[in-house]
Amino acid sequence: MNIRKAVLVPTTIFTLAGMSLIGCSKSAESGSGSSATSSSETIYTIAVIAKSNSNPPFQAAKTGAIDAGKRLSAEMEGVTIQVDWQTPPQEDAQLQAQYVEQLVASGVDGIAISVTDANTLNGVLKDAVSKGVVVVTFDSDAPDSGRMAYYGVDDKEAGKEVMRQLAIQLDGKGVVAVLTGNPAATNLSARVDGVAEEAGNYEGISIKQVYSFTPETATEAVAKMQQVQTANPDITGWALVGGWPLYTDNALDGIYEHAKIVSMDPLPLPLEYAMKGQVQVLVGQPYYGWGEKSVEMIIDKLHFDRSPETELVYADFDIVTIENAEEYAKQWDKWLGKDATP
Amino acid sequence: MFSKLFAHQESGLILVIILLMTALSIYGHFKPSESKDSIVLGDSAEIRFLDAQGAEHGPGELGRNEISFYRVLENGKTTDYSSSVVSRYDSSARTVFTEQRANRFLNKGNLVLIAKNASFFAIMAVGMTGVIILAGIDLSVGSIYGFSAILGAMALNTLGSDASWMLSIPIGFGVCVLAGALCGLANGAMTVGFGVHPFVITLGMMASLRGLTVYTAQAVYDNQSIAGLSDSFTTGFIKKEFFGVYPVPILFMILIAIAGWFVLTRTVFGRRIMAIGGNETAAKYAGIPVGRVKIWVYTITGALAGLSAALYIGYLGSAETNAGNAYELQVIAATVIGGASLMGGRGTVFGAVLGAIVIQLLNNGMVILRVDASVNLIVMGGAIIIAVVIDQTKQRLAARRG
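Chains as they are written, first to last, in this note's numbering: chain L, 41 to 382; chain R, 139 to 540.
Rather than coming from a laboratory, the hints here were simulated on the basis of the structure.
For each residue, glycine too, the CB sits at the ideal point set by N, CA and C.
All the pointers check out, no bait thrown in.
Where chain R lies over chain L, by a calculated footprint (3+ residues, C-beta under 8 Å):
#: 1; stretch: 108-121
#: 2; stretch: 148-158
#: 3; stretch: 163-171
#: 4; stretch: 342-348
Given only the sequences and the hints, what does the whole structure look like? Please build it.
Below, the structure written as structure tokens:
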């Protein structure tokens, strides 16, 4: 057997077998739980594009979206809702734009997206809307994209809430450092603005600096916090507009002993810091709701032509302290799909 | 004729591409997508929804699967659209959206998208081919891409959205390519001048340029994302629509591939690159200016990263400081899948371009097959390993026979 046959024949067989297996298998969540559909059934395909797969809150959004798809499929006769998760491994606005274009070309009916950079995504989302795709944003908005609605918290209010809670912990006086991630993210910028604006209401509080880091990983965040605290022992408070450093163990050693910490995002690992008393307050967003509510709004529009009453659908914050951290933690089993209750 | 065809290094890749496209086309045939179009209603038009019994209803009264016909009444004329061709009616946009079934993979829009998405990486992979043939590496191409994009976006934002194409096109391309070339020149000069392995130099440049990108954007614009670019550069040129698709980045990819092939195979400079990659010591003793050639190759690689950045900002109409993050991995993967040897001395431009296309085909395939994106990286990594192993096996078998 010559070289060409030795290489090309197995390549051919492997490729065909592999693609056939993938094509025949059930590769994505289907709302009805059944892969058989009749010609009279209406099938809606909704793609969910979060900022990155490596960020834990988006896993809750994924569960929320898939659960909403299953629930609505069971409630609506003759309707099947398929939810596709197409999120980049790490934050990449160009890759998100690429996914949007490919999903529109493949015939998706709705897109729920948390945009990494609104400027980059505006054009492709406008194209999607012009082709009849219903677009809803969550967590991070793209207001000029022609999207139908945004669901999430008011990010500036979220930043204000973080600072408000920190001011209570500091009795209205101290030196505060602000930690943020990707500076291009509009939601994070809005939160930082909120922190700064609220800090202005307290004469005894001064903002040392806004510290950013990239890429948005726990390791980078921890390194930044520890370097800054070591170099600036006068810092008595930290306002974290995202919970990145708390996604790893022992992140606050050397910090919590000297400063009060209030952070966004009471995820499972950050909740442990709250239970240990190392983080005083965690401000929560509707992580599960990002996916659940987005799918609900899209289906409402697709099936009943009903738009939300307002473009900006704001959710309330959850305030988590050492007192209610344990109770809040139990909700994560459901949000991460560990709760087997249908 | 066929034995000559299959003797070429790229023949295996072409076969893989054909097989992938065939499989996806077959899947796309049995699982078609709905290509969408729209009918915008005039101000005086009214719409009614008919159920299976022919009774009329207003907007929002019937679920989509209960509507049999969409009746449009306009200027005394009544038009009924069957629900089999209408996907939905959007009352807020007063638009009826219609659908036609199309092969989910094998349609004009999707195929152009694959080629367009590949073009950004393929152009950089052309330059990376030269670097890898020299037994070097350039880990900074992603950062050069991001840095050039920010500088180009700043220049085009300064010109304004209504600047003439006579200014915006030369300035947009000029700033991006020059910025990329200077970064590449720095890579080459430091590698040759200090005698340090390019892995170390380009790793340092990768980090430095990423920091410089963030700092520059923040210092000048107090923002990490820059939009408001000249329309004549973006929608007027790079993202100009032809028959419903945007082919300009693909044309650039083809031109650069042809130019790269010509330089590598038909010029003295190209021969020198191959000679140095094959045996650097022998090349030196043969009188080839090894240092100068290396500097040129890194400079050209940087310039091509800048060119790709120009296409990026032209296509998406903006630049953000995170652009190109970790793109060097995809570029190197495309080059290696295309047959370039990390040991040096071997590689082709067309192979690199085909490698970029294979990667985008796999990406597109996973979207079409509705594979959870969490699995993407596993599949991509596996495909790269398989491609390299097959190529290495092919080389070993050829050596044994030879």
